[in-house]
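One letter stands for each residue in the lines below.
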Amino acid sequence: MSWLVPLPIVLPLLGAALSILAGRSRLAQRVIGVTVLTALVGVAAVLLVAVDRDGTIVSRAGAWPAPLGITLVADRFAATMVMVASVMLLGVLLYAIAEPGVERNHVGFQSVYLVLAGGVAASFLTGDLFNLFVAFEMMLTASYVLLTLGGSREQVRSGMTYVVISLLASTLFVTSLALLYAATGTVNMADLAVRMAELPPGVRSAFAVLLLVVFGIKAALFPLFFWLPDSYPIAPSPITAVFAGLLTKVGIYAIVRTQTLFFPADSRPGTLLLVLAGATMIVGVLGALAQDDVKRILSFTIVGQIGYLAFGLGLFTVAGVAAAVFSMVHHIVVTTALFLASGLIERTGGSSRLTAVGGMVRKAPVMAALFLIPALSVAGIPPLSGFVSKFALIDAGIVAHQYPIVAVSLVVSLLTLLSMLRIWAGVFWNPVEEPSVSIAAVAPAVTRRPAMMLSAAAVVVCSLAVAGAAGPLYGLSNRTAHDLLDRTDYIAEVSRR
Amino acid sequence: MTILLAACAAGLFAVGTYLVLQRKLSRIIVGLGLLTHGANLLLIGSGRRGNPPIIGFSDVGSFSDPLPQALALTAIVISFAVTTLLLALAYRSWMLTQDDEVEDDIGDRDVARASVLEEEIHDQETAMTDGVLDPAP
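Going down the list, the sequences are from chains S and Z. Take the first sequence: its letters are residues 1 to 497, numbered as in the working numbering. Take the second sequence: its letters are residues 498 to 634, numbered as in the working numbering.
Quick look at which bits of chain S chain Z covers, simulated, 3 or more residues with Cβ under 8 angstroms: (1) 129-139; (2) 157-167; (3) 173-183.
By construction, these hints were calculated from the structure, which means they are not laboratory data. Think of the CB as a built atom: it goes at the ideal place given N, C-alpha and C, for glycine as much as any other residue.
Take these sequences, add in the hints, and give me the full structure.
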């Protein structure tokens, strides 16, 4: 089965190359993009089933044994993430094709998007810390291009901030890689996990915090999140959707992976993570309440939700990490759905400012439903997936006797509901307060676009499926958390010759 | 030798950090370049030094560690590509604004506008109260 593991990386990259060659015909590019991502979903599904049944699958490039060669590792965590990510990538691509905008106007969109897909899959599957850096760069370079496609003044300004911050984080990553290599003499993750135990506890803690900072920038943890609400809303909506759904979660994935795999229980920065989680939640939700633009409100909401993921990890118990894994799946799907819905709002109303649009519940009832379902899910209303995720997190928090963070997360969840209701009231119920100039320009384009609605609806249905399959999914999260905290299985599988 | 490399890396980091905190895009880009150089130097310094690691060329025990050099090479290529992209963006930014200063973000601009508005209201109010309190002679 080990030949399956590189496919999620190789397929999108091959697709990207073909897509460049087929640049003359947008139709051919679309066929390539959709075929590759559909195949990716298939491969990911097979991989997930195989890994969950038979255990971790390791692929060694050129058959070189573990610490020497490049390894790709598909354990339950990686396989789950690749599965969810590939479904979302496909959904957003379909939306982008249906939307008259960025995909239609730029020859490079399809191929860059596929490189992004390959980068995301590579970050999940890599078993080597330096390759994680390369995968990050692949994903980020694609995201720089996607963010600034079009090259308007706002895009260049916010894109600049985004590129500079990301490059700084990458530089910090290379620095910590150098220090890690100097201290342990390896960059293979499983080997690092073994050799890290020989270091003095102080050095280990320093590495734990260094890696937390590096990935905290990508994951938008407090106080390293300032770039996110400024840069995400500027991009076209399908691109914002895929960034919001996937890129920050790749950062969180790297935090979970490195903190659980590299460090034994005594040098994991649990309390620090919990404090950061609380601060991230509070700052994110307060920021969301202060904004008056749908995309900016949602961007701050993502920051707040990242806090929940850090909360689950910071407990470092099986229940906590299981809740974090489940919440990651939930957040990927739900934030993607929310941003696609905000794209529909912008397209129908001509603006995403709360004051400039209004009364849409009559004009577009289906769109209202497409927004309301993920919005209520983010706020944690039963029976949606957000409720399951928050219930699991709070339950784990109470069992671990971390009452302050439980209290914070409950209050923040209420305020999240408030910020979602502000969007609901502003966009769907209230009349238009100050019609923006652009409405007149956009209004002729407001025709029924069933394909856009359908692709957004498909993602919303996925979020409902997460709620519907919460039982099996939570079981999978639980097994994943066991693997992550135990780590002997991962190390043994990788170092087996 | 390692201390020299570490000192060089420290110097590059210091200068790079200073430049990244400037408001001119050109300086930020140069600063990022210096920072990545610092990181790469550190990467090279993290391995063992010695003779070229070619079998038959010298004793295996005296080989230098080739892995950090390979890693540094990859990192250099990546930072090179990203810096090129950054330069293209900076050029675009200069074409659009005729200036290479980093603009304030939307939130900053709103806050600035609000404070200007507040100041104006405050000025008007003081003008009015001054008018009431100091009747014209």
